[in-house]
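So the protein sequences, as listed, match chains Y and W.
If you're matching positions, the first sequence starts at 1 in our numbering and goes up one per residue.
If you're matching positions, the second sequence starts at 1 in our numbering and goes up one per residue.
It is worth saying that the hints were derived from the structure and are not from the lab.
All of these numbers come straight from a predicted model, not from anything done at the bench.
Hints are supplied without guarantee of correctness; some may be wrong.
[Unchecked claim] In silico lysine to any residue, SDA-like type, Cα no more than 20 angstroms apart, as pairs:
1) W/K37 <-> W/S51
2) W/K100 <-> Y/I55
3) W/K37 <-> Y/E102
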Amino acid sequence: DAGVIQSPRHEVTEMGQEVTLRCKPISGHDYLFWYRQTMMRGLELLIYFNNNVPIDDSGMPEDRFSAKMPNASFSTLKIQPSEPRDSAVYFCASSYPTGPGELFFGEGSRLTVL
Amino acid sequence: DQQVKQNSPSLSVQEGRISILNCDYTNSMFDYFLWYKKYPAEGPTFLISISSIKDKNEDGRFTVFLNKSAKHLSLHIVPSQPGDSAVYFCAASGTSGTYKYIFGTGTRLKVLA
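Could you build the full structure based on these sequences and the hints that come with them?
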């Protein structure tokens with residue numbers, strides 16, 4: 001079975017540019033999570049969805065960040081405009097519909113904003 | 001504020017010895033806890049979990065202990081192996097209608113051969 005698929009794996013962009021990160025969850029998983037990893041804050045939850053509906057976006061740092069899940073097999077995290085402090089590794093994860101349990105993570109998208 | 005804390009950013013242990021990684025939490029509504037292991041350039045992978053109805057869960061060389069009164073959990077690895085060298089994250093969630101997983105900042109374990 002394919003795991004969680006994220007793209008791009010690496011993105012280098014200049015300050016002010018729009019960045020779009022993509023995620024395909026594991027088929028049948030109805031929870032999807034976006035995390036950001038930084039040295040200072042570890043794995044920080046940005047937003048999560050259940051059945052394509054955003055449930056909690058309290059971790060989204062600013063209005064520059066937005067996330068969508070138009071269908072069960074695709075989600076995007078967009079940063080517009082990007083800033084150097086957004087440089088981090090962004091992870092997408094999905095989980096089973098049967099309550100708390102294991103999260104399955106993608107390999108991450110490393111973003112560098114110059 | 002950090003609801004899940006891993007106060008030791010790094011730990012070095014000799015091969016064959018026990019590794020003990022610690023995690024503290026502040027939210028008493030958390031009742032499900034997980035440990036993840038992360039290698040460089042990879043996503044975190046699930047290691048072991050524990051529900052608040054238990055105080056210990058064991059899986060091979062890995063044991064997680066939960067002390068609810070102290071809001072503390074620990075991961076024991078016995079015996080430690082060089083392949084265990086990675087960053088370990090603890091995570092917590094509540095089951096009362098939300099599956100929001102909050103992670104700590106991670107502890108980098110180095111097992112010395």
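Verification of the hints:
1. W/K37 <-> W/S51: holds, 19 angstroms
2. W/K100 <-> Y/I55: Measuring from Cα to Cα gives roughly 9 angstroms; hence the hint holds.
3. W/K37 <-> Y/E102: holds, 12 angstroms
In this structure, none of the earlier numbered hints is contradicted; all agree with it.
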